[in-house]
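Trainee: The lines below spell out each chain.
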Amino acid sequence: MLSVDVSNGLQEELESLALKSRARAIGVALHDLETGLRFSLRGDRWFHAASTIKVAVLLAVFRAADEGRYRLDDSLHLRNRFFSVADGSHFRLSQDRDATPELYKAIGRTAKISALTHAMICGSSNLATNLLLDFVGVEYARAVLRQAEVDGVELRRGVEDHGAHERGINNEATPDGLLSLLSVIRGDFLTPESKREVIRILLAQRFNSMIPAGLPPHATVAHKTGEISTASHDIGIVYLPEREPYIVAILTEFDPDRNGRRETVAAISEAIYRSLLRAEPKSNED
Amino acid sequence: MKTESLRPIDGLHLAEGYRGLLRPDESEAGTNSTVHRLPRFFYEIESWEEAHEIRLAPHFTLAELMLVDCREARLLLSQFPHYVPCAVLLLARFLEDFRREVDAPVFVSANGGYRSPAHQIGGAKSIHAWGTAANIYRVGDTFLSDSRSIQKYRTIAASLGPAVFVRPFGHEKGQTGDHLHVDLGYVRLTPRECSEAS
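As given, the protein sequences belong to chains G and A, one line each in that order. Heads up: the first sequence is residues 2 to 287, going by the working numbering. Heads up: the second sequence is residues 119 to 316, going by the working numbering.
Per the computed footprint, the stretches of chain A lying under chain G, defined by three or more beta-carbons under 8 angstroms from a beta-carbon of chain G, are:
id : segment
1  : 226 to 236
2  : 251 to 262
3  : 288 to 297
To give an idea of the interface, some chain G residues facing chain A are shown, with a C-beta separation under 8 angstroms as derived from the structure:
id : residue
4  : Tyr71
5  : Asp75
6  : Leu77
7  : Asn81
8  : His91
9  : Gly109
Bear in mind the hints are in silico, worked out from the structure with no lab data behind them. Where is the CB? At the ideal position from N, CA and C, for every residue including glycine.
Please put together the full structure from these sequences, using the hints given.
Mentor: Structure follows, in structure tokens:
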């Protein structure tokens, strides 16, 4: 009953935020490990995954390491040359659109796989993402998602594959799917060492203007953002010292010129946090 | 130049694990019905420190020409000794000549020098398995990633001798788009002190 009341109130508040921000769509999935509450608002709606897809690549990279295919301290040749999944045509990533210029300076040399995973998540490096996905293979990464029983995350290609985009081949995800992906990371799909490392990487996220911005300062968030011209997402595991964590996926879609998109995600994050506090039983209630 | 410490060994005398990966003196079918024999004689390298110390030419250390990533076979990647075909000396000599012509530092990429026949890129069909090929990704401050730069340095490299092959710019098979591939053919080098009697 408690969760139903919370869900109703939260749904109203989120719908109100959606209207106010003039978002095309807002999708939210939530699992509170303290109360067991599960909440989903348009949880099965498909969105362009943007950079949240990098969490799926991260899972595949660590799964392959767990399977002994390579070691995380192995090195990979850094090369800015990729092939479109649409027609095999060659493409190159733009350094200007990447938050990890240091990686471009190292092209021609090697980088450790562990360093690339950090760059892919913490700095959202497209170069690191495509190198890692190229290395493990799209088919392998998709197979890992199937093994992990993650529905609602369609990993089809690397990033900035414009040829594929023009043909409608995109990475897509639902809020429920991304929630499921984060739950798998928290579960026992990976070895305990890999799980710890994956969460440590997500905790080191450098872009904190969405989910963390709606939380009190003592919260820590293992998360990954994703932004393209029409989408602003953030998905993560929220740790609060006084309670068990909650897992949340907030996906939004906007017109390309719309301002205040990150603020909307932060407001959704804040609304979720407040609603969960309301849901917690007081110490003298049992 | 510190090359006196180079130790040539006959690949046929290596332990089975290494022979299986390096395939010394084995024949490999190439394209157009060609068949080539893989290198038989190798230099044995005890450590990365040693590879960095060995200058094959004034501006090229052995380490630069044997750097590979994790697509190399585990045995050849993670533990020493490493083995590099003796013909890598000729490659270094060519690179030194090229460096002199372009009057700038020349950078060979990872996986761009010697790769074993067990390497996942190209395998035994790649001329990199002979130690006579180099992928140059940068000359001075210029990254070779467009038609203009690759064409410019291709002309210079090709002018250094009739045995030099340089791939043209492009993104099709046999072309390169983000480096300059140069090679000296399927050269095998037998050091003086080594015998080819099996």
